[in-house]
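Peer 1: Can you build the whole structure from these sequences, using the hints too?
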Amino acid sequence: MEEKKFDLNSIIGFVLIFGILLFMLWQNKPTPEEIAAQEKAKQEQLAAEQQQKVVKDTFVTKAEDYNNPSVADSLKLVNLKNKLGAFAYASTLPSATDAETLVETDLLQLKFSNKGGYLSEVKLKKFKTSDSVPIYIIREGNANFNISFSTTDNRNLNTKDLYFEPTVTKNGDNTVVSMKLKVSESKFLEYRYELKPDDYMFGFNVRSQGLSDVINSSQQINLDWNIKTYRHAKSISYENRYTELLFEYEGGKDDYLGQQDFTDDTAEDVTWVANKQHFFTSILLADQPFKEGIFTSKNLVQDEDIDTVFTKAFTTKLPLALQGGELNKSMDLYYGPSDYKILNAYDRNLDEILPLGWGIFGWINRYLFIPLFAFLGSYMPYGIAIVVMTILIKLCLSFVQYKQFLSQAKLKIIKPELDAIREKYKDNKLKIQQETMALQSKAGASPLSGCLPALIQLPVFYALFQFFPSAFDIRQKSFLWADDLSSYDTIANLPFKIPFYGDHVSLFPILASIAIFFYMKMTTGQQMASQPTQEGMPDMAKMMKYMIYLSPIMMLFFFNNYASGLSLYYFISNLISIGIMLVIKNFILDEDKIHARIQVNKAKPKKESKFQKKMKEMMEQAEQQQKKQGKR
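If you're matching positions, the sequence shown starts at 41 in our numbering and goes up one per residue.
Don't read these hints as lab results, they were simulated from the structure.
Check each hint, because a few of them may be wrong.
[As the list claims (entries may be wrong)] Computed spacing ranges between beta-carbons, pair by pair:
| id | residue 1 | residue 2 | range |
| --- | --- | --- | --- |
| 1 | 497 | 342 | 35 to 43 Å |
| 2 | 173 | 537 | 33 to 41 Å |
| 3 | 435 | 305 | 23 to 31 Å |
| 4 | 181 | 366 | 27 to 35 Å |
[Claimed, not checked] Derived PhoX-like pairs: lysine-lysine, alpha-carbon spacing no greater than 25 Å straight-line:
| id | residue 1 | residue 2 |
| --- | --- | --- |
| 5 | 123 | 200 |
| 6 | 168 | 268 |
| 7 | 434 | 625 |
| 8 | 381 | 168 |
| 9 | 163 | 151 |
| 10 | 434 | 537 |
| 11 | 168 | 151 |
| 12 | 165 | 227 |
| 13 | 155 | 434 |
| 14 | 123 | 293 |
| 15 | 293 | 331 |
| 16 | 165 | 434 |
| 17 | 357 | 268 |
| 18 | 381 | 331 |
Nothing here was measured: the structure is a model prediction, and the numbers come from that model.
We put the beta carbon where it would ideally sit given N, CA and C, even for glycine.
Peer 2: Below you can see the structure in the form of C-alpha cells.
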C-alpha cells in the first residue's frame with residue numbers, strides 16, 4: 041500500500057484561489073453613494089407601508105378633489121375606486137356619513153339614514169306598547185332595505201353599504217324626501233318618498249338617471265326587504281300567533297307563510313307583501329306586479345322567558361326590471377295599525393291581511409260583525425259593546441236553540457217506544473233501524489232536526505273566534521278589572537309558571553269555564569235522556585260525563601293567555617244560552633202537549649219524501665239479502 045505524502049502544490053493552489061475570491065469581493069463592494077441610495081429606498085418602502093395602514097378604508101372628504109390628479113393618485117382614492125367603481129363618487133360627498141334625516145307627519149315620525157337611503161326608524165305617534173313605550177316598527181337596525189346589482193365593470197354592489205344624499209322639499213301639503221346615490225351630479229339612483237299629512241301610507245319610487253352604462257342589465261337586480269318584528273303586547277305567545285308574513289299574487293290571490301319555526305314560499309306576479317305584527321303592519325305595495333317573490337319566516341321565540349324582544353324574522357326578495365337601461369319602479373309603503381277600517385279604505389285588498397276567516401266566515405265578519413261592533417262602539421264603551429253584541433247574536437240564534445231543545449224533547453217522549461222496538465227486534469238490527477226511522481218520522485222527532493240547527497251556529501261561532509283577535513278597536517280598552525280587552529286580564533300573578541297555563545290567573549276564562557260547565561251539564565243531561573237504551577250506552581254516558589269536566593278545563597288553559605274580550609264573549613254567550621234553555625224548558629215547551637201532538641201525528645198517514653222512499657227501499661233490499669244469506 042502506497043504511503044500518502046504531503047502535497048505542497050495543492051496547498052499553494054487553495055491559497056491562491058482564496059486570495060482571488062477576497063480580491064473580487066473587495067472590488068465589488070458598494071460605494072458610499074450606493075449604500076445611501078439603498079437606505080433611502082428602504083425608508084421610502086417603510087413609509088409607504090405605514091401610509092397604507094393609516095389611510096385604509098378612509099375616504100376623500102371633498103367632492104371637488106374627486107377629479108384632482110394629485111388626490112386621484114393617492115392610495116386612498118385608488119382603493120375607493122377599486123372597491124366601488126363609478127359609485128365611489130357618492131362616498132366623496134359631505135353626505136357620506138351615518139347621519140339621519142328626521143321627518144314627521146301627524147301620524148308618523150320617520151328617520152332616513154344616509155347610509156343605505158332607507159328608513160332607519162319608524163315611530164307610530166298615536167300608539168304605545170303594553171308598557172307605555174311608543175310603538176316602533178323599525179328601530180336600532182331591526183330592518184333593512186337593499187337593492188343588489190352588478191355594474192358593467194363586474195362589481196357586485198349593495199345599496200345598504202353606499203351613501204345617499206338627502207333633500208327634503210314640499211309638494212303642496214305633502215313632504216317629499218329624496219335620497220340620491222350619485223355617480224355624478226347628473227347621474228344617480230334615487231329613492232323618493234312622498235308623505236301625506238294624515239296617512240299611514242306614502243308613495244315610494246325607485247328610479248335611476250344616466251346609469252344605463254353603469255348598471256349591468258344582463259345580471260338580475262334584486263330588492264331585499266327584511267325585518268325582525270318587535271314585541272308590542274303583554275302576551276308574547278298570543279301576539280306571535282297572529283304575527284305572520286302575507287302576500288298577494290296573480291291578480292288578487294293571497295297567501296301567508298304560517299306559524300312554523302321556519303317556512304318559505306315563492307309566488308309570481310306579486311302585488312304586495314305585508315309583515316304583520318298582530319296589531320301593526322308594514323306593507324310594500326307595487327303599482328305593477330313584481331315578476332316573482334321569494335319569502336321566508338323564522339320564529340324567534342323558542343323560550344318565552346328569554347326571547348322577549350322579537351317575535352319573527354321575515355325576509356322578502358323581489359326582482360327589479362330595467363326599462364330602457366334604467367330603474368323606474370312606483371310603489372307605496374304602509375306603516376300603521378292592522379285596522380280593518382283603515383286597510384279596507386285603500387281598496388287594494390289589504391283587508392285580507394286580517395285573519396277574518398275564509399268563505400262564509402269572512403263574509404259574516406266583514407258584513408255583519410265588524411259594522412255592528414263599530415256601530416255599538418261609537419255609542420258605548422267597548423266592553424259594554426261586546427256584551428250588547430253577544431246578547432243580540434244570541435237572541436237572533438235563540439230559534440235555533442229552541443229547535444234543538446224541541447227535537448230533544450220529542451225524542452225523550454218517544455224513548456219508551458224506541459226501547460220497545462229495540463227489545464222486540466233485538467236480533468235484527470236492520471229491522472230496528474227501519475222501525476225506529478218510521479216511528480221518528482211519524483212523530484216528527486228525527487235526530488237530524490236537532491243536528492241541523494246546531495250546524496247553523498258553527499259559522500257564527502267560528503267567525504266570532506276570528507273576529508276578536510283582529511278587532512283593533514278593543515286594543516288597550518279597559519272593562520271592569522281588565523285593563524286591555526285585546527290581552528289577557530290578570531287578577532293574580534303566580535310565583536311560578538304552570539305549563540300550558542302561564543304565570544298569572546285570568547278571571548274571564550274562569551268565568552267562561554264555569555258557564556260552559558253548567559251549560560254542558562244541562563245539554564248533555566237532556567241529550568242522554570232522549571237517547572234510546574242500547575248496548576254500549578253506559579260507555580257513551582261515561583264519555584259524555586268526562587267531556588262535561590274536560591271541556592271547561594281545556595277552556596281554562598287555552599284562553600288564559602288569550603284576549604280577555606274573547607273570554608268575555610264566551611262567558612256572556614254561555615250565560616245567555618243557559619238562560620234561554622231555562623226559559624224554553626220552564627215556560628215555552630209543554631211535554632204533555634208535545635206528547636199529545638205526537639200521538640195525533642202518528643195516527644195520520646205520513647207522506648214519504650223521495651229520500652225516505654229510497655232509504656226504505658234500500659233497507660228492504662238489505663233485509664231480503666240478509667234473509668237469503670240466512671237460508672244458506
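Peer 1: Each hint should be assessed against the structure and marked as holding or not.
Peer 2: Hint check:
no.	hint	result
1	497 with 342: 35 to 43 Å	holds (38 Å)
2	173 with 537: 33 to 41 Å	violated (24 Å)
3	435 with 305: 23 to 31 Å	violated (44 Å)
4	181 with 366: 27 to 35 Å	holds (31 Å)
5	123 with 200	holds (15 Å)
6	168 with 268	holds (19 Å)
7	434 with 625	holds (17 Å)
8	381 with 168	holds (20 Å)
9	163 with 151	holds (9 Å)
10	434 with 537	violated (36 Å)
11	168 with 151	holds (19 Å)
12	165 with 227	violated (37 Å)
13	155 with 434	violated (58 Å)
14	123 with 293	violated (43 Å)
15	293 with 331	holds (15 Å)
16	165 with 434	violated (39 Å)
17	357 with 268	holds (15 Å)
18	381 with 331	violated (30 Å)
Violation of the numbered hints given earlier is confined to hints 2, 3, 10, 12, 13, 14, 16 and 18; the remaining hints are satisfied by the structure.
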